[in-house]
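S.K.: According to the numbering used here, the residues represented by the sequence shown are 7 to 314, in order.
Just so you know, these hints were derived from the structure itself, not from any lab.
The reader is advised that the hints may include incorrect statements.
[Stated by the list, open to error] Heads up, simulated DMTMM-like pairs for lysine to aspartate or glutamate below, C-alpha to C-alpha not over 25 angstroms straight-line:
1. 188 x 127
2. 153 x 121
3. 199 x 237
4. 203 x 151
5. 111 x 178
6. 233 x 177
7. 188 x 178
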Amino acid sequence: MRVKTPSRLHFGILDLSREFKREYGALGLTLDDGYEIVLKSSQNELKVEGDQREKRIVTEVYETLKEKFDLTTSFEVKIKDRIPSHIGLGSTTQLTLGTGFGMLKESRIDIEVKELASILDRGRYSAIGTYGFENGGFILEGGKEKKDEISPILYRGKVPKDWRFVILCPEEKKGYDEKEEKPIMEDLEVEVKYPEKICHNVLMGILPALERRDIKAFGEHLTEIQKLVGESFSSFQEGIYHPAIAHIVNSLIDHTHGAGQSSWGPTAYGLVRADEVEEVEEKISSYDKEKYRMWIGEPSNTGVRLES
Numbered sequence: 007m008r009v010k011t012p013s014r015l016h017f018g019i020l021d022l023s024r025e026f027k028r029e030y031g032a033l034g035l036t037l038d039d040g041y042e043i044v045l046k047s048s049q050n051e052l053k054v055e056g057d058q059r060e061k062r063i064v065t066e067v068y069e070t071l072k073e074k075f076d077l078t079t080s081f082e083v084k085i086k087d088r089i090p091s092h093i094g095l096g097s098t099t100q101l102t103l104g105t106g107f108g109m110l111k112e113s114r115i116d117i118e119v120k121e122l123a124s125i126l127d128r129g130r131y132s133a134i135g136t137y138g139f140e141n142g143g144f145i146l147e148g149g150k151e152k153k154d155e156i157s158p159i160l161y162r163g164k165v166p167k168d169w170r171f172v173i174l175c176p177e178e179k180k181g182y183d184e185k186e187e188k189p190i191m192e193d194l195e196v197e198v199k200y201p202e203k204i205c206h207n208v209l210m211g212i213l214p215a216l217e218r219r220d221i222k223a224f225g226e227h228l229t230e231i232q233k234l235v236g237e238s239f240s241s242f243q244e245g246i247y248h249p250a251i252a253h254i255v256n257s258l259i260d261h262t263h264g265a266g267q268s269s270w271g272p273t274a275y276g277l278v279r280a281d282e283v284e285e286v287e288e289k290i291s292s293y294d295k296e297k298y299r300m301w302i303g304e305p306s307n308t309g310v311r312l313e314s
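Could you put the whole structure together from the sequences, leaning on the hints where they help?
M.R.: Structure (structure tokens):
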């Protein structure tokens, strides 16, 4: 079986004011390029072809599912394509869910993605990756009251097929991993003006723009949301954006319909139409090509794909 997952751009947490019992909430969307995982049943011990991190994650997934579902078979797992880790594209969730989903399908066990995410301890602070894995598209989720709750999905919309994301990421830099972000996400308390402004831009800006396929309005509100989110976390990342990409985000803001940083970064993105990609690439060509990687992200409106 071949499992192909999306990757995701995370546009920010909605509410860290702690004013309500419900906290977090988030918005983001999925991109076409993610993991490609090839797996097959085996009567031998679990075998994983991948780097050390991937081997650890796949092994943990297998051991959890083996205990939960009393699996009687093992697997041979090969990671063919991957999402780089800790750069803001949701690699851990996609590898975890992709592997688990594939193993259960091979074992003829049907399960809802949301239940699988709960079993595998995904969606601690945001469920964008979980819902993105399931169906792709643009996702808005409503936060959680309990730590073990998977946030409810409030809205899912299809991203226009002619929208693209110009993505840049430094080769040597990484964002926070899950252990590093834990104390920040659990202890940070921001002024209520931030979630008020963020949610206003989401409800009266982002969502109507997406429904109308208005890339200009969508980008303007997205840029504003990203600035507000960045200000909320600025004391933990030396500014509104990750210091390695602040100048790139500002350049993308000037030359695209909207721009920002995915999750903790250090991935920067700018929103354009497909026929604008070449022009934008030329305008931002001053970045150091030896230190930064650039690629074009195409939206995914389908989520995970399985091939026998």
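S.K.: Next, verify each hint and record whether it holds.
M.R.: Evaluation of the provided hints:
1. Restraint check for residue 188 and residue 127: the C-alpha separation of about 14 angstroms stays at or below 25 angstroms, so the hint holds.
2. The hinted pair formed by residue 153 and residue 121 meets the criterion: a straight-line CA distance of about 15 angstroms does not exceed 25 angstroms.
3. Distance hint between residue 199 and residue 237 is fulfilled; the C-alpha atoms sit about 11 angstroms from each other, no more than 25 angstroms.
4. In summary, the hint linking residue 203 to residue 151 is supported, as the alpha carbons are separated by about 21 angstroms, within the 25 angstroms threshold.
5. The hinted pair formed by residue 111 and residue 178 fails the criterion: a straight-line CA distance of about 37 angstroms is larger than 25 angstroms.
6. Our distance criterion of 25 angstroms between C-alpha atoms is met by residue 233 and residue 177, whose separation comes to about 24 angstroms.
7. For the given pair, residue 188 sits about 23 angstroms from residue 178 by alpha-carbon distance, which is consistent with the 25 angstroms threshold.
In the structure shown, a violation is registered for the earlier hint numbered 5 alone.
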